[in-house]
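J.: Sequence:
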Amino acid sequence: MGKSLGDSITITCKLAADQRGALEHLLFFNVNQHRVRLGIQQSIEIYGEPEIHESEGSLHVRVGDVEGVQTLFAVSDVGHPLGVAVFVRPAPERFVVLHLGVEPRLRSSADVNTPVLLKLMHEIRSTARRTRGVDRIELVYKERHAVRLNV
Numbered sequence: 105m106g107k108s109l110g111d112s113i114t115i116t117c118k119l120a121a122d123q124r125g126a127l128e129h130l131l132f133f134n135v136n137q138h139r140v141r142l143g144i145q146q147s148i149e150i151y152g153e154p155e156i157h158e159s160e161g162s163l164h165v166r167v168g169d170v171e172g173v174q175t176l177f178a179v180s181d182v183g184h185p186l187g188v189a190v191f192v193r194p195a196p197e198r199f200v201v202l203h204l205g206v207e208p209r210l211r212s213s214a215d216v217n218t219p220v221l222l223k224l225m226h227e228i229r230s231t232a233r234r235t236r237g238v239d240r241i242e243l244v245y246k247e248r249h250a251v252r253l254n255v
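Numbers given in the working numbering equal positions in the sequence shown, counted from 1, plus 104.
Derived from the structure by calculation, the hints contain no laboratory data.
Beta carbons: idealized from backbone N, C-alpha and C, even for Gly.
Treat the hints with caution; some may be incorrect.
[As the list claims (entries may be wrong)] Ranges of calculated distance between the beta carbons of each label pair, as one might list FRET restraints:
1. A121 / G237: 16 to 22 Å
2. R139 / R236: 32 to 38 Å
3. T235 / I150: 20 to 26 Å
4. N136 / T114: 20 to 26 Å
5. G168 / C117: 18 to 24 Å
Whole structure, please, built from the sequences with the hints as guidance.
T.: If you want it as structure tokens, here you go:
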């Protein structure tokens, strides 16, 4: 029995600078963007445009002039980014997920890679639960969609 994709995904806040092209593909040239185009536009209007920056040999994502933006990467066992989540804590009680990019499944380029998306969201939820005062996570891409945490 082979190793499942879910087992080979690692969540990290650091991505090697040599993965810039792959990160640009996830964030800016993703074939699934059409599914959430209105949410992407809304996020950019409210928070600003995402930009990839390099610091100390690692990549991270900035969004407009927003302070405290955090980036999580889902990476394969060889360090290739499979997904990215960009979020911020604009108020003491909430995290807001500003951008999500997930590499499409290999079988169908228009299909979402669900295990990667679930791992990223699980990590954001775990981080929110460990952060004092946070009781919900909002997804900008889904209008009026907030996940309440049972704290």
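J.: Give a verdict on every hint.
T.: Consistency of the hints with the structure:
1. A121 / G237: 16 to 22 Å: violated (34 Å)
2. R139 / R236: 32 to 38 Å: holds (34 Å)
3. T235 / I150: 20 to 26 Å: Given about 22 Å between the Cβ atoms, the range holds.
4. N136 / T114: 20 to 26 Å: With Cβ atoms ~22 Å apart, the hint holds.
5. G168 / C117: 18 to 24 Å: Roughly 20 Å apart at Cβ, these two residues keep to the hinted range, so it holds.
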